[in-house]
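Residues per chain, in single letters:
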Amino acid sequence: MSNSNLPNYLEYKGKYKGIFAWIFSTDHKKIGLLYLYSIMSFFIVGAILGLLMKLELIAPGKTIMEAKSYNAVFTMHGITMIFLIVVPGIPAIFGNFFLPILIGAKDVFYPKLNLLSWWLYIIGAAIALSSQFMNGASPDTGWTFYAPYSFRTQSNVLPALIGAFVLGFSSILTGLNFIVTMHRMRAPGMGWFKMPLFPWTLYGTAWIQLLATPVIGITLLMVVAERVLNIGFFDPALGGDPVLYQHLFWIYSHPAVYIMILPAMGVISEVIPTFAKKEIFGYNAIVISTLLIAFVGYFVWGHHMFTAGMSETSLFAFSFLTFLVAIPSAIKIFNWLATLYKGSIVLKTPMYWAVSFLFVFMIGGLSGLVLGAMAINVHLHDTAFVVSHFHFIVFGGVGFAFFAGIHYWFPKIYGKMYDAWWADTGWIVFFFGFLLLYTPMFYLGIAGMPRRYYDYVPEFHFANILSSFGAFIMIAGLVIIIINLFRSAKNGEKAEVSPWGGQTLEWTISSPPILENFEEIPEIK
Amino acid sequence: MEQDTHDHYDHEGSKLGMWLFIFTELLFFGGLFIVYGVSRYKNGIAFSMSAEELDVTIGTVNTIILLISSATIAMSISSIQMKKAKLTIALLSVTLILGIIFLINKYFEWGAKIDHGLYPGSDVLQQFGNGETLFFGLYYFMTGLHALHIIIGMIFIAVMIVKVRNGKIHADRFVQLENAGLYWHLVDIIWIFLFPLFYLIA
Ligand SMILES: [Cu+2]
Chain F
2 MSNSNLPNYL EYKGKYKGIF AWIFSTDHKK IGLLYLYSIM SFFIVGAILG
52 LLMKLELIAP GKTIMEAKSY NAVFTMHGIT MIFLIVVPGI PAIFGNFFLP
102 ILIGAKDVFY PKLNLLSWWL YIIGAAIALS SQFMNGASPD TGWTFYAPYS
152 FRTQSNVLPA LIGAFVLGFS SILTGLNFIV TMHRMRAPGM GWFKMPLFPW
202 TLYGTAWIQL LATPVIGITL LMVVAERVLN IGFFDPALGG DPVLYQHLFW
252 IYSHPAVYIM ILPAMGVISE VIPTFAKKEI FGYNAIVIST LLIAFVGYFV
302 WGHHMFTAGM SETSLFAFSF LTFLVAIPSA IKIFNWLATL YKGSIVLKTP
352 MYWAVSFLFV FMIGGLSGLV LGAMAINVHL HDTAFVVSHF HFIVFGGVGF
402 AFFAGIHYWF PKIYGKMYDA WWADTGWIVF FFGFLLLYTP MFYLGIAGMP
452 RRYYDYVPEF HFANILSSFG AFIMIAGLVI IIINLFRSAK NGEKAEVSPW
502 GGQTLEWTIS SPPILENFEE IPEIK
Chain Z
490 MEQDTHDHYD HEGSKLGMWL FIFTELLFFG GLFIVYGVSR YKNGIAFSMS
540 AEELDVTIGT VNTIILLISS ATIAMSISSI QMKKAKLTIA LLSVTLILGI
590 IFLINKYFEW GAKIDHGLYP GSDVLQQFGN GETLFFGLYY FMTGLHALHI
640 IIGMIFIAVM IVKVRNGKIH ADRFVQLENA GLYWHLVDII WIFLFPLFYL
690 IA
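Protein sequence lines correspond, in order, to chains F and Z.
Oh and the first sequence: position 100 is 101 in the numbering used here, straight run, nothing missing.
Oh and the second sequence: position 45 is 534 in the numbering used here, straight run, nothing missing.
Just so you know, these hints were derived from the structure itself, not from any lab.
In this text, a Cβ means the ideal position worked out from N, Cα and C, and glycines have one as well.
Be careful, since some hints might not be right.
SDA-like mimics (lysine to any residue), calculated; alpha carbons at most 20 Å apart, straight line [unchecked claim]:
1. Z:Lys531 x F:Lys107
2. F:Lys107 x Z:Ser503
3. Z:Lys572 x Z:Leu689
4. F:Lys113 x Z:Lys531
5. F:Lys526 x Z:Lys657
6. F:Lys69 x Z:Lys531
Here are the simulated distance ranges between beta carbons [unchecked claim]:
7. Z:Phe682 x F:Val347: 55 to 61 Å
8. F:Ala138 x Z:Phe682: 54 to 60 Å
9. Z:Glu542 x F:Thr64: 37 to 43 Å
10. F:Tyr147 x Z:Asp612: 45 to 51 Å
11. Z:Phe682 x F:Phe296: 25 to 31 Å
12. Z:Ile640 x F:Ile522: 38 to 44 Å
13. F:Met66 x Z:Phe682: 45 to 51 Å
14. F:Thr64 x Z:Val648: 38 to 44 Å
15. Z:Val550 x F:Ala138: 56 to 62 Å
16. F:Ala331 x Z:Thr549: 33 to 39 Å
17. Z:Leu689 x F:Met363: 52 to 58 Å
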């Protein structure tokens, strides 16, 4: 098969010119790229904030900033990374670009709503980030906005809250769009259980987006009302209940972890079979475990509050369910490994990322079980151990899957190949830096170093130096990766229709795809 | 915007989308109902006492108004299928007017409360306890948010009137009108829950 003669989506001339051809385009592929560019820009901001924190922690005492600035930096790092990057992340970028193609459709069900979601995303981001440029201190509550501090602090929490609320709207609309798309627009012959695994994980994710996000939306609004109108929903001085805030917050924010990780698992489930030259092992098991994760993940939020005061029965139930939700994830790991077993494995850049994903995801998952055990949790609560666990899962999981995805689909998106040597170098540097950055933090947490402090006792110095060094190495890797992809998008060699020999529909159409993806809607046998 | 080929019509799909949106709205208010439940559990007596302050008559009238408006919008959907565009417009207009009356009642109701000094952060409320403050905080927040939904629903209906008049909505293509109806029923149902929680349990 060869590339089509029709103009591809990048060349297509629509009603608008220049930048307007992008920001007013309803083409799902262009919207996917809009998200890619905006999310990558915010990611660089968030990464710099993270680097500043690591620089501060390179030595005990004040190094480059005061305690107050440190509070503001970790708050903005969290808000940017969570609400602007990992929550929309993979669904908004790869979901938008590839969901319609993978199910054999011309676009999503609501193309205009799709564009609106991107606009809401940008507006929400602008509102949230405006808190940096207004009079007064930048927010210092942490990304969790815990009551009662979130309405007592004098800092600019309000724009951050409203921004997060608007971003939630964007997320809900994307999820809604994807669900209807998958229900109504699958190509003729593509039954539910013929759908590739990436769409399946998007399906599970979309339901969580739809059913969990409204809860955080109303909760954030209540905090806004608390600050503006003096209504004491969560203020003990006015009769409210601060622990109730924590419940409502985590009812969303635990499932949000699955909003982040399920699509990542979907990407890995596409990459591994392609490079193992085998069909995925246990397709049904992966689908069912995806839906199980989405479902059980709804009932485990209490494990964030083991030390906040809860009845013993609920402590037990939440701990038990937390262990239970690990099972479907483990099933997936088993399936991926079984796919690799006796496959003729081709080691290319996306595969390196996918295999290292398995590694970091396992460490992240197992350390999560450590935290899910009540007695140990009391010891490790609010320590660097939690930070490390969280970054292994969210940054390790989502980040590595994202890089696997971008190196896998890059030839399709841009119709160009990237420089494999630089891509591999970027990966190994990043991977090494990542491990050096976060592994010492497990030790630090067990040794008792609390999180969210700009200072520590001298005993923790050595491990912190290692960790900060790791941060610099990882950022170096990131720079290599981004520059390489950027240059390749411009000057890379032309890509064939199916450079990796993938079996899904995107590898049957031209690289880059034509305007509505297919010259003829495919019939699935 | 860019391509006209997107202009496909899928009645089932559009309705599915609306239902999904309604789920999110229900969960949105669900969060508030949880807070209401917990607050009431902790301040039972104060909540019962405060409910006495609310005007059951206006509440009842507003409930009846919304119930009738739900009926009229449902009838408008039937009439568009029977190709009676004029009747559809008339029924939608009645729905719209009922929405306006609801808001006017709400305006006077809130106004009277505020005149008595019953609003969050007021001196009067400060003399009462935390429970009363919380009750009125929730009352304003929840009924206010509901009123906001009424306004959104009214805009939705107004757009429908224009579209029926333009012939964009007709007997073979009326899913948007149906969706507007679904949304209006949602607003109605939320009120059906708010009414007893605030006005009747005293
Ligand atoms: Cu959790």
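Here is what the structure says about each hint:
no. : hint                            : in the structure
1   : Z:Lys531 x F:Lys107             : 54 Å, violated
2   : F:Lys107 x Z:Ser503             : 17 Å, holds
3   : Z:Lys572 x Z:Leu689             : 42 Å, violated
4   : F:Lys113 x Z:Lys531             : 46 Å, violated
5   : F:Lys526 x Z:Lys657             : 39 Å, violated
6   : F:Lys69 x Z:Lys531              : 36 Å, violated
7   : Z:Phe682 x F:Val347: 55 to 61 Å : 58 Å, holds
8   : F:Ala138 x Z:Phe682: 54 to 60 Å : 40 Å, violated
9   : Z:Glu542 x F:Thr64: 37 to 43 Å  : 57 Å, violated
10  : F:Tyr147 x Z:Asp612: 45 to 51 Å : 30 Å, violated
11  : Z:Phe682 x F:Phe296: 25 to 31 Å : 26 Å, holds
12  : Z:Ile640 x F:Ile522: 38 to 44 Å : 42 Å, holds
13  : F:Met66 x Z:Phe682: 45 to 51 Å  : 49 Å, holds
14  : F:Thr64 x Z:Val648: 38 to 44 Å  : 58 Å, violated
15  : Z:Val550 x F:Ala138: 56 to 62 Å : 49 Å, violated
16  : F:Ala331 x Z:Thr549: 33 to 39 Å : 56 Å, violated
17  : Z:Leu689 x F:Met363: 52 to 58 Å : 55 Å, holds
In summary, the structure is inconsistent with hints 1, 3, 4, 5, 6, 8, 9, 10, 14, 15 and 16 from the numbered list given earlier, while agreeing with the others.
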